[in-house]
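Just need the whole structure built from these sequences, with the hints factored in.
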Amino acid sequence: MATTAFEPVISTGWGKPQSWTMNSYKQRGGYKGLEKALELTPAQIIDEVKKSNLRGRGGAGFPTGLKWSFVPKDNPKPKYLAVNGDESEPGTFKDRNILSHDPHMLLEGIAIASYALNVHTCYVYLRGEFKFPAERLQAAIQEAYAAGIFGKTLMGKDFALDCYLVRGAGAYICGEETALLESLEGKKGWPRLKPPFPAVVGLFGCPTVVNNVETLSSVPHVFTRGAAWYAGLGTDKSGGTRLICLSGTVNRPGVYEVPLETTFTQLIFDDKYGRGLPAGRKVKAVVPGGSSAPILSPDELDIAMEFEAVKVKQTMAGSGGVIVMDDTTCMVRSLWRIARFYAEESCGQCTPCREGTPWQARLLRKIEEGRGEPGDVEHLSNVASSIAPYPPIGLGNTICALGDAAALPTHSFLMRFRDEFEAHIREHRCPFGDKPWGAFGDWS
Amino acid sequence: MAESLFTPEEQKKFDAQIAEILSHYPADRKSAGMLPALRVLQDIKGWLPPEGIKLVASALEVRPERAYEVASFYVMYHLKKPGKYVIDVCTNLPCALRGAEQMLAYLERKLGLKAGETTERFTLRETECLASCGTAPCLQINEDHHESLDRAKLDALFDKLS
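Those sequence lines, one after another, are chains A and B. Its first residue numbered 52, the first sequence is counted upward by one per residue in our numbering. Its first residue numbered 22, the second sequence is counted upward by one per residue in our numbering.
Do not take every clue at face value.
[What the hints assert, rightly or not] Reference listing, derived: stretches of chain A covered by chain B, where coverage requires no fewer than 3 residues with Cβ under 8 Å from a Cβ of chain B:
1) 177-189
2) 219-228
3) 284-298
4) 301-311
5) 317-328
6) 343-349
7) 386-396
Calculated directly from the structure, the hints in this document are not laboratory data. Just so you know, even glycine gets a beta-carbon here, dropped at the ideal spot from N, CA and C.
Given below as structure tokens:
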């Protein structure tokens, strides 16, 4: 349970004039966290982060302080920090806001983490499609160099720190941490076998910490306001607030910073968040944590959008991407859209994923277009199971989690909406006709 | 003598930007600069001509096959010359829920070509997720992002293209 009164932490600067500049950031208390952290030893900094209960915001929710403590101290090789800004999971769009509105918050987090981990070179890997956020971030990096935060000394301390921005070139798989490292090394993004984990053998074979943009942007607050304050904002197992991305058929989609105990019902219907659905429409299904997360039914939405609570429903809070589907939505077409994505983004390294993901997409297209045959639903279920059985979550037949991500939606859609798939096959057509999404937007 | 890929100005720009990229990596890890170096080539020529990929490989001291392998893995690199305007329309689930399929169909009618096709003026592509689900539907024109689109906004946008 939260013991600190809720207030927004990450999103406080959004919408403020020139919020992306160092001047604006400093006026809001920016870089005070770094000042305080530099008064501590690296070990003390890591301890504070552990006490804050900060968990990774990239999807897996791993405790950040613990991750930092895995970096071997006695390894003579250089150590690296790689920032994962390859946000691409459909339904997830918070890094775009952080980078466009308040890039210095990330840079301050980078500086603190680098000092704690004895890292002298940090690479920020941004997805290639983020041209505008990349321009904002690059300008902020230049300001930080000019202000003596990056460069030969770190705020006057004898500690050199360089920070470079690298843009990807359009590959969702590079958000997987080892694929990201491969891409940073100038290769195609093929995930590596783990172990060894990046903390021991990472970039250029050296110890590397990979942290998400939102995770590092949270770090300054642990030091400006204290670890206890930060931990108190959250639950017993997870400190701080969360950025939730709300999309789909709600009246007011967007990124909202919420207390971790906020329920899906509140997010979708409250006036300060989604403001409900357009008149006459009801919720049919909700994706709770990015497109790979198994869906929830309308009667399951009174749970907190928090890692542990969502796990109870055999799904995941993941990246915080909540997608709302209303009762005019065709579930076959929705799953086909998701399946196409994973088929397109499979890196091709593991056979079950390389072959299985396009197979799923082909079967779904066939069913949606009214060409489905008896047995296709079982066939689809078998293909998904060959990529990753269900349940449990996270034990697929592939090197990385993209296989799981591709199979989980299929399993969950079939479990909850099997009738709709069967109806498509029986009637040799989509029961929603040419309006599988309702009538959103007038493009006639 | 074979005609050079670059004009003298382009060559200068290419050399300077490659040198800058290489300064970001350890001296024995030149190949790490592959993604940014290919981007430099694409920024200059509009696509990745085979002889340009060879130049990138040579600057990074790797075999050309290695550079081609990377160039062909990532969707934002153009291995064929695209139209003057490359239009990427997101039709993934969150965008589809807010009319992206209808928007793409409208655009196909308006431009007179299907997704996946290229004319001298346009390359129209369906793309997988632009991470802008809260402001769907959206598209990018030569990587410039446009969001919360409706018919009037889209028409205005395309009217402005030269």
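Hint-by-hint comparison with the structure:
1. For the segment 177-189 of chain A, the stated coverage by chain B is satisfied: 6 residues place a CB nearer than 8 Å to a CB of that chain, which reaches the threshold of 3.
2. With a cut-off of 8 Å between beta carbons, the segment 219-228 of chain A has 5 residues touching chain B; three or more are needed, and the interface restraint holds.
3. Check result for the segment 284-298 of chain A against chain B: holds, 3 residues qualifying (beta carbon to beta carbon below 8 Å, three or more required).
4. Counting residues of the segment 301-311 of chain A whose CB lies closer than 8 Å to any CB of chain B gives 3, which reaches the minimum of 3, so the coverage claim holds.
5. For a cut-off of 8 Å, the count of residues in the segment 317-328 of chain A with a CB near a CB of chain B stands at 0, and the three-residue condition is violated.
6. With a cut-off of 8 Å between beta carbons, the segment 343-349 of chain A has 0 residues touching chain B; three or more are needed, and the interface restraint is violated.
7. With 6 residues having a beta carbon nearer than 8 Å to a beta carbon of chain B, the segment 386-396 of chain A meets the requirement of three or more and the stated coverage holds.
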